[in-house]
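Peer 1: Below are the chains, spelled out letter by letter.
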Amino acid sequence: MAELLKDQVFMAFTTHAAIVTLKLLLMGPLTGYFRITRKSFVNAEDVPGKTAEDKKKMLKPNEDVERVRRCHQNDLENIIPFVFISLLYTLTAPPLSTALIHFRIFTVSRFCHTISYILALPQPSRGLSYVAGVGATVSMGVQVLLKVLVL
Amino acid sequence: MAELLKDQVFMAFTTHAAIVTLKLLLMGPLTGYFRITRKSFVNAEDVPGKTAEDKKKMLKPNEDVERVRRCHQNDLENIIPFVFISLLYTLTAPPLSTALIHFRIFTVSRFCHTISYILALPQPSRGLSYVAGVGATVSMGVQVLLKVLVL
Amino acid sequence: MAELLKDQVFMAFTTHAAIVTLKLLLMGPLTGYFRITRKSFVNAEDVPGKTAEDKKKMLKPNEDVERVRRCHQNDLENIIPFVFISLLYTLTAPPLSTALIHFRIFTVSRFCHTISYILALPQPSRGLSYVAGVGATVSMGVQVLLKVLVL
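Residue numbers (the working numbering), protein chains in the order written: chain A, 2 to 152; chain B, 2 to 152; chain C, 2 to 152.
Don't take every hint at face value.
Repeated chains share a single entry, so a pair holds when one copy, or any two copies, can fit it.
BS3-like mimics (lysine-lysine), calculated; alpha carbons at most 25 Å apart, straight line [stated by the list, open to error]:
(1) Lys51 <-> Lys7
(2) Lys58 <-> Lys7
(3) Lys56 <-> Lys7
(4) Lys56 <-> Lys148
(5) Lys24 <-> Lys56
(6) Lys61 <-> Lys148
(7) Lys7 <-> Lys148
(8) Lys40 <-> Lys56
(9) Lys148 <-> Lys24
(10) Lys40 <-> Lys7
(11) Lys24 <-> Lys58
(12) Lys51 <-> Lys148
(13) Lys57 <-> Lys7
(14) Lys24 <-> Lys51
(15) Lys58 <-> Lys40
(16) Lys24 <-> Lys40
(17) Lys40 <-> Lys148
If you're looking for bench data, these hints aren't it; they were derived computationally from the structure.
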């Protein structure tokens, strides 16, 4: 195990995987923040209001909250495949420079994606960030399959 | 590989990761159980009713089913980052006692979270379970990044 | 690391994990394809229409798009636990033939599941594919816990 952490590609993988995973995890508290500031909840027991009418009003969906939730979902759908594929890719011992290009494109693309999504920037800002991330993951996935194929 | 499984921290990681992952997976059949008992389906081909009116009635969302689905989603959003981060954390060779504290807090917190969510227990029971789980994962993630940083 | 890739079970795991993960990832572009052909979008900035009325019409949900999204979600809920559990299972050094049976059942079951879901084939086609996949994962998970248990 200790040997793994002497490998530069593995350390780069660990760094990028930890950063994007923490980023994914922190979309939860961000959703909480939007729920509280926009006063839009989904579980009756979470609503802070006092009267029944107040409570009912705060159980309606809010577009800002839904936007953060869609962004969170998109992170789940892209960051998790990236971590899986880039771990397998790292184990195929690629050159450090090639690996770093893939990891950096992905990490940067996901932060750009989140900013474009939350701020509702005009397209194609979000679309391009999404495509860059998918492209980096698919490129690594194909390289893994070309090296290791036992069906 | 066989060596990995002689490492106590790795065995503890494997145990906790397997438990929470199986728990996550079994939210699927639980949703199925609620769909059948509450008679609330989402795909037309799944509805067991005979008349068209019966079928239409069973295609409406049900609050109990939606609650299980939100709980499942919250598990996805928290358990997956935990498995990623705790694997990387395990590879940094932390002391067994420290690792076990993190793993146990997380595993217990997710079971408490599910119970609070499904039974709609009053807050802050669900909130505190959620925060404990996120805290354990973030704590490990920061320790990983402090040890291994190749951007 | 290089040693891992001389292990036949690990190579089989890598192959199947890469295939199902890429399949999961490509549900994203498939959703995009359905959104465009069905003219059903969720973010105002994505709608290609010119007049305000056109745009509003294209922000309504479409059953085909929702179906792909549910299929994507079901993939997330099943493929990710499979990759976690099958990695841990691979590390317990199972016989290659037993491991291949689990991996193949899972991979085939998920492709059958997607086809049944998207084409809305009559039940139990989708139900059986789902159960086969969960069964393969649970079977490996139980074997992992029986070999390695440090709570």
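Peer 1: Any hints from earlier that this structure breaks? Give me their numbers in increasing order, please.
Peer 2: 1, 2, 3, 4, 5, 6, 10, 11, 12, 13, 14 and 17
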